[in-house]
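With the sequences and hints as input, model every part of the structure.
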Amino acid sequence: MTTTKTITGPTIGEALITLLEAHGVDTVFGIPGVHTVELYRGLARSKIRHVTPRHEQGAGFMADGYARASGRPGVAFVITGPGLTNTITAMGQARADSVPMLVISGVNATPTLGKGLGFLHELPDQRGMMEKVALLSRRVTEASELPGALAQAFALFSSSRPGPVHIEIPTDVMIKPADNITALLSNAAPPAPDGAAIAGAAKLIAAAHRPLILAGGGAKGAETPLRRLAEKLGAPVVETTNARGLLHRHPLCVPASPSLKAVRALMAEADLVIAAGTEFGPTDYDGYGDGGFVLPSNLIRIDIGADQLARRPVTIGIQADCAEAIEALLAVTGSAHPAAPDGEARAVTARKAAFAELSPAYVAQVRAVEMIRDALPGAIVVGDSTQPVYAANLYYDHDRPGGWFNAATGFGALGYGPPAAIGAALAVPDAPVVCLTGDGGFQFTLPELGAALDAQAPVIFVVWNNRGYREIETSMLDVGVEPVGVSPAPPDFCKLAEAYGIGAERLADIGALPQALRRARATGLPRVIEITVD
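If you read the sequence shown in the working numbering, its first letter stands for residue 25, the second for the next number, and so on.
I should point out that these hints are in silico values taken from the structure, not numbers from a laboratory. There could be a bad hint or two in this list.
[Stated by the list, open to error] Listed next, the in silico DSSO-like pairs over lysine-lysine satisfying Cα-Cα at most 30 Å (straight line): (1) Lys200 to Lys71; (2) Lys256 to Lys376; (3) Lys139 to Lys156; (4) Lys285 to Lys256; (5) Lys256 to Lys227; (6) Lys139 to Lys200; (7) Lys200 to Lys156; (8) Lys285 to Lys376.
[Said to hold, decoys possible] Restraint-style ranges between C-beta atoms, simulated for each label pair: (9) Ala220 to Thr498: 48 to 58 Å; (10) Pro507 to Pro362: 48 to 58 Å; (11) Gly172 to Gly140: 25 to 35 Å; (12) Glu155 to Met500: 46 to 56 Å; (13) Pro471 to Glu529: 12 to 22 Å; (14) Ala223 to Val58: 57 to 67 Å; (15) Gly509 to Glu155: 25 to 35 Å; (16) Gly305 to Gly152: 22 to 32 Å; (17) Pro362 to Arg391: 51 to 61 Å; (18) Lys227 to Asp478: 34 to 44 Å; (19) Glu155 to Gly305: 37 to 47 Å; (20) Arg391 to Val58: 47 to 57 Å; (21) Pro538 to Gly140: 53 to 63 Å.
Where is the CB? At the ideal position from N, CA and C, for every residue including glycine.
Next comes the structure, spelled out in structure tokens:
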């Protein structure tokens, strides 16, 4: 079902802005160029905020962080050719983690496409390239096509497993007249849970004595029904990285990676596993690459994507939004169903054993992350691929659903954290936002400090400076490879921050971190805290 709204705009470029407003877009991230000038014609008089990153990859990562923090699609404007190729890495990250991202680009004039004439920013087949990364790539050639292209993108975001969508507009099309365009506003929703599947799942639940729930990133919006189901069944809840923050400090919560032996043992002893919104990816379930993960034999799987349900054997698959499916399970699970009496005991045992598997260095790094959580309750912590993030992905209990996410799983793009944190801070301005990054990863996207200052995004950039790619160095040593290329010299991050007009301080004692965080938060401005690590 769709509703309509008539748009009047002199050109397709201007109409695009009005249509985006109609779809609820309030922020776009982009760098204007000669091939997107016409797309910017209507921006200045619109209600949409434009944020200028220092690199198009930053635009994509900011859109990603905005989407994860807000639950709404992040939007990026990029130029033809290099602007779009610079954004591909961010789109790959968004696809890996099911993040709704709309990338709108220019493309060369229609008569030149595919002819190899050497025009500025020309690619042999720009759209063909994007079809390999995006869930959907469309080219708009007439004004009448624009509303449908946008409606298709937003319907995909709201009704199925989201990811990046690309729309390109040729430079000669942007300037075409677009009077009286009608916006198509979709209210597409995921399929309702199938009644037979719910009934079959209820029978499995009724027969189970040691149930277990696996929660992935797809369940982060389902905390209330998830809690009720866990308590009703007496089922421990194992959380993957993107589910952290659910059931904070609940006695049934197991905020530990399924790659740990203790968690695998908990799964193996369960006689029924309910998996909600998790793809069973190796970065969550086989992080050590030891092949020790075994898919549960008695498995109820809930996922919004039919393709995900088809990829692995299941006893019963339920295609639906996680919250809706769990509510349906609660409705048919008998009120007299007794909770497993040992659920909390199983969870306690798993938590203790999982934490005991961490090395002393990882324990210290987890404690550092807990300092951030406790100093700034309710913070959104956006991570890069750095040692304390790896450690906390193995074991860490965050206090805000959806408030712990990073690039150290899935696609694993280094440099993700700083721009994604900027996007998150703009999406949820009332929440403290901390970017936890390493000295190596920070240098990938360091110039985005300027974007944070321009946008007045009060991100606290915590830099874990161990002077190189220490995690990669350790991996080399573990397999007998002499380390090479893992010691890039870091700059003086505090001086660089100050060069951008951003306050900074360096800590030699991790114990000083809580007070430094509180000082930074009190400024209401972006700030850098560098922690030097031996």
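Tell me, in ascending order, the numbers of any earlier hints that this structure violates. Of the numbered hints given earlier, those the structure breaks are 12, 17, 18 and 19, listed in rising order.
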